[in-house]
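Full structure from sequences and hints, please.
Chains A and B, in that order, are what the protein sequence lines are.
In this text, residue positions in the first sequence follow this note's numbering: the first is 1, and each later residue adds one.
In this text, residue positions in the second sequence follow this note's numbering: the first is 1, and each later residue adds one.
None of these hints come from the bench; they were simulated from the model.
Take these hints with a grain of salt, some might be off.
[Claimed, not checked] To spell it out: a stretch of chain A is covered by chain B in this simulated footprint if at least three of its residues, at any positions, have a beta carbon under 8 Å from a beta carbon of chain B; those stretches are:
1) 34-46
2) 240-248
[What the hints assert, rightly or not] Quick partial rundown of chain B residues pointing at chain A, CB under 10 Å, derived from the structure:
3) K30
4) L274
5) N276
All C-beta atoms, glycine included, are put in the ideal place defined by N, C-alpha and C.
So you can see what is in the structure, the chains are spelled out below.
There are 2 protein chains.
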Amino acid sequence: MSGHNVVAEAFAQTQYQVGGHGKRIVQVLKDVLNEVEGTVEGDMYGSGKLIADFEAKMAEYLGKESAVFFPSGTMAQQIALRIWCDELGLKKVAYHPLSHLEIHEEAGLRELHGIESVLLGEKDRLIQLEEILNLQEEIACLLLELPQREIGGQLPSFEDLQKISAHCREKGIRLHLDGARLFEILPYYQKTAQEVCALFDSVYVSFYKGIGGIAGAILAGSAEFTKQSKVWKRRHGGDLISLYPYILTADAYFDQRIPKMGQYYEQAQELAGLYNQCPRVTTWPEVPVSNMFHVHVELPKAELEPILAAVYAETGVGLTPYVREYDESTSSFEVGIGDRYAQVPKDALHTAFRLLHEKLQNL
Amino acid sequence: MSGHNVVAEAFAQTQYQVGGHGKRIVQVLKDVLNEVEGTVEGDMYGSGKLIADFEAKMAEYLGKESAVFFPSGTMAQQIALRIWCDELGLKKVAYHPLSHLEIHEEAGLRELHGIESVLLGEKDRLIQLEEILNLQEEIACLLLELPQREIGGQLPSFEDLQKISAHCREKGIRLHLDGARLFEILPYYQKTAQEVCALFDSVYVSFYKGIGGIAGAILAGSAEFTKQSKVWKRRHGGDLISLYPYILTADAYFDQRIPKMGQYYEQAQELAGLYNQCPRVTTWPEVPVSNMFHVHVELPKAELEPILAAVYAETGVGLTPYVREYDESTSSFEVGIGDRYAQVPKDALHTAFRLLHEKLQNL
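As structure tokens, this is what we get:
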């Protein structure tokens, strides 16, 4: 994602774009507001029917006693960990080395809450069950991200999850779910959100990944837990006088896209199959377990970029708007399936992959 | 503001309501979005034309090098104080005993940032110049709220402000402006925002008081200061993927209502005059210096409530939706002038005050 980016420029010119729901433009908000009466009263500092109804709906969907709407997951998750640390009188938590908290939050957990993190597992794979069972360090809380986004959206088996949950309960360790993409993994697990969340003491979900809202998050757990979370939400400056633009869009796109999560998952498998047929290309995971995966290409970024740009220009199909350097000899990018995939004609998609295959073969 | 509230109920039935801009309903957002093209791209994690343009506009209006949009003032101000404390290596700040940070933020400044506060002055009056000049304790930053909301919106003289600013610069104390209602005091000072802000190292302004937006704040200062504030914004969970619903409304209502601040100020003086003619009634301040003031009535809350409800029912004019107990023998409420005041027919308003006068006289 440099200043002059041939991939981004070629992508912007394509007729069909393979990932996501579409551009993050104001129309996303207008479409929802057009269906809402102007007389509807906004929420006021966490109160009012609009926010209470959505929180109740999410608590029920997640199978938790209570739920609180937050402006961001960054805020919701730091607060969840703080509550568990305070409860246990131990300012230490464990998570994956590529957790959002570790790499995208400017060390907020340490700087604002004084909480230390124990990194479990390695950067290029999931945390293993044994690493949790054998952990010697005392921790207040274990955070699991399902799926683990930065390694392509990988998942432990549901049986491992159950074992982790049982272990944490036995040891008095709180288990928190980073469910930024929880909705997206339910078709793979063939479980309800309640069944997954029952394994966790607290759960965060996001409304602008697979759901495609504008921003916002839900933090769910016991009534006592969410009551405390509201105090911390006020302290963080997240108890805005009104959050309704985010709530209305979260609610509308939740209803619209929850039924499509199975479709996105199947399409991700189909698309990953097309990638894996190309030489030098592998996807992480090889068979996706959600709507997302990462594409790894054994080619330096500077060599892959003009190839992709040429494929886009010749076929009108945009596969990814960017490429990043994974290491000196490998490039990678993330793919997330949304509404746009179904709009790409199959023959155009296959033409694009035939061309990509050919160009990678002829290197 | 109890469960069964005769004042709130009678207020809700009135044809004319004296304070504010109107109800906080979804139409407030729809009115703005109807004028925005759907193709406009949203901001992304603090970047993009939409947020950059508004931040530049506010930096210029406030006369500061740089400005950052925040979801809330609570977040913006804690961060401002944290930056100044870190810079000086001293975790102590001073403000009024009824500062927003002291009474509305669940001690976030202490709990998240470990910053101690020194309370200057008394709860029922402004901080005096001498109290600042004679302060013995070392502090990193002094926060001044202009106007001091919880005592009715009172202001020091501009000369005192200049002396405070000069003193702080001499002593190496950073001066921060809680300008939640900065726009509203400019007509009284007969100064530009730049002239007021030039006295301060950092400035926060809000977009849902006199401006009447949905939520959101600007924090302004030097480029180095705002750069640091963006790191803390990320840590607090305030660097939302998109803030545009707040930015678009802040911008639109700023343009719409900045030219009316002088009118609101004059109307507040007129309305305070009507209150002060009634027996047992005084306003704080006696002559408003902004669009706001507090009304104090020498009558217990339980006795004032049915009187107000009767006035509303008989005249169709709602003066306040609530009354609070100031002390055992005195009630009070806040008045803030917005667009609705101009819609109240003068004869209806005068009839309401004649009736209120009569009822208070005949006790």
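Status of the hints after comparison with the structure:
Here's how the region 34-46 of chain A fares: 8 of its residues keep a CB closer than 8 Å to some CB of chain B, so the rule of at least three is met and the hint holds. Judged by the Cβ-Cβ criterion of 8 Å, the region 240-248 of chain A is covered by chain B as claimed, because 8 of its residues qualify and three suffice. The beta carbon of B:K30 comes within 5 Å of a beta carbon in chain A, closer than 10 Å, and the hint placing it at the interface holds. For B:L274, the interface hint is violated, the least distance from its beta-carbon to any beta-carbon of chain A being 28 Å, above 10 Å.
The beta carbon of B:N276 comes no nearer than 31 Å to any beta carbon in chain A, farther than 10 Å, and the hint placing it at the interface is violated.
In this structure, the hints that do not hold are numbers 4, 5, in rising order.
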